[in-house]
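Order-wise, the sequence lines are chains U and Y.
Counting from 1, position 78 in the first sequence corresponds to residue 78 in the numbering used here; the numbering is continuous, with no gaps.
Counting from 1, position 56 in the second sequence corresponds to residue 248 in the numbering used here; the numbering is continuous, with no gaps.
For the record, the hints were derived by calculation from the structure and aren't laboratory data.
Where hints are given, some of them may not hold.
[What the hints assert, rightly or not] Simulated crosslink set (EDC-like; lysine to aspartate or glutamate; CA at most 20 Å straight-line):
| no. | chain 1 | residue 1 | chain 2 | residue 2 |
| --- | --- | --- | --- | --- |
| 1 | U | K44 | U | E60 |
| 2 | U | K124 | Y | E354 |
| 3 | U | K54 | U | E13 |
| 4 | U | K44 | U | D17 |
| 5 | Y | K316 | U | D168 |
Here is how the chains run, residue by residue.
Protein chains: 2
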Amino acid sequence: MAKPVAPRGLARERVLDAAVALFAEHGVHGTSLQMIADRVGVGKAAVYYQFPSKEGIALEVIRPCIEDVERVIKIADGLPDPQQRRVVAVSGLVEMVVRHRRLAVVFYGDPAIDALMTSDPYFKAVNDRLRELMEGPDRSDVDRIGFSVFCSGVGRAAADPELADIDDADLHRALLELFGRILTPAVQPSQP
Amino acid sequence: MAKPVAPRGLARERVLDAAVALFAEHGVHGTSLQMIADRVGVGKAAVYYQFPSKEGIALEVIRPCIEDVERVIKIADGLPDPQQRRVVAVSGLVEMVVRHRRLAVVFYGDPAIDALMTSDPYFKAVNDRLRELMEGPDRSDVDRIGFSVFCSGVGRAAADPELADIDDADLHRALLELFGRILTPAVQPSQP
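If we strip away everything but chain U, and leave its shape as in the complex, we get (with noise of 0.2 Å):
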């Protein structure tokens, strides 16, 4: 076996991207670890070296947005107010998303990734941690259906084909709006 000739950030930042452009196209399901093998140029061996199964690769793919999420939540917690919390947690995941709008069109809906998220402990704290900071202490069941109809919906507009002409920043500005209206009558109480 020949040892790696890249550092080996390089090489792995090579087979990332090599695996994002080919769970784009395939899915992460229909993608082996041969085909990102092929992709980058090296043998399968050279990949096993850096990942020891293709969800690793996944995980490894994602972790950056996750840890952006907890970022988000450290900062949403220091702070007093429930609903104050509730908005930096909103804002923050919406500039995750956007920002990562690329990731968003690859994982979007892939139910490989949907495992993943539930099944490793770090993933899944972050979110229902994201889920309890987005609903709000006095959750009503619209409150629950709407963080739910929202947080699909982030990742799934920022997936969208029939949406790719409208600019990321001009998505940031409408997904804050468009949740500010699903918000307002938790933010203004006017509920009879």
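Put chain Y on the given structure of chain U with help from the hints.
Then chain Y, alone, in the frame of chain U:
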């Protein structure tokens, strides 16, 4: 080869029921005709006799949903006012998704279903017209993004295990209320 014992209609129902159960467990990609035949307790040839392919079975499973949407489109298209058409389209979509909630759980986010929906000309035409009706005539970017968020969110909410305790009537009411909030500025123009 023995002829099918059950009448054709009955056998079709049994195949479709078995397929839905397996799609829920394994996704469409992860389900084979052999698995469906095993679940029904017949040979693979008996399933082939009814359906030429796994995709054909998936199409038959979602066909009632698409036919419901087509009916909603006919009702909407009979109305003179674009805002009325929009309200009918949204209400009809929500009613359909809630009524077929079990299928939403099976199919939400399944890339095999997304591919079927865009490759079948009839399904694609129905979907495109629904989108036009819901976005309305003078669609802004926010309206287009709102449509995308809401449409994916309706299916997500119906499928969300975290919302399984909310009954169908409450889910229906809440989704309509949410869409009302999303659309409020369009229905009651208040922007500068």
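Status of the hints after comparison with the structure:
1. K44(U) / E60(U): Given that 20 Å is the threshold and the Cα spacing comes to 18 Å, the pair holds.
2. K124(U) / E354(Y): Given pair K124(U), E354(Y) holds - Cα atoms ~14 Å apart, limit 20 Å.
3. K54(U) / E13(U): Since the Cα atoms of K54(U) and E13(U) sit roughly 15 Å apart, the hinted pair holds (cutoff 20 Å).
4. K44(U) / D17(U): 16 Å, holds
5. K316(Y) / D168(U): 27 Å, violated
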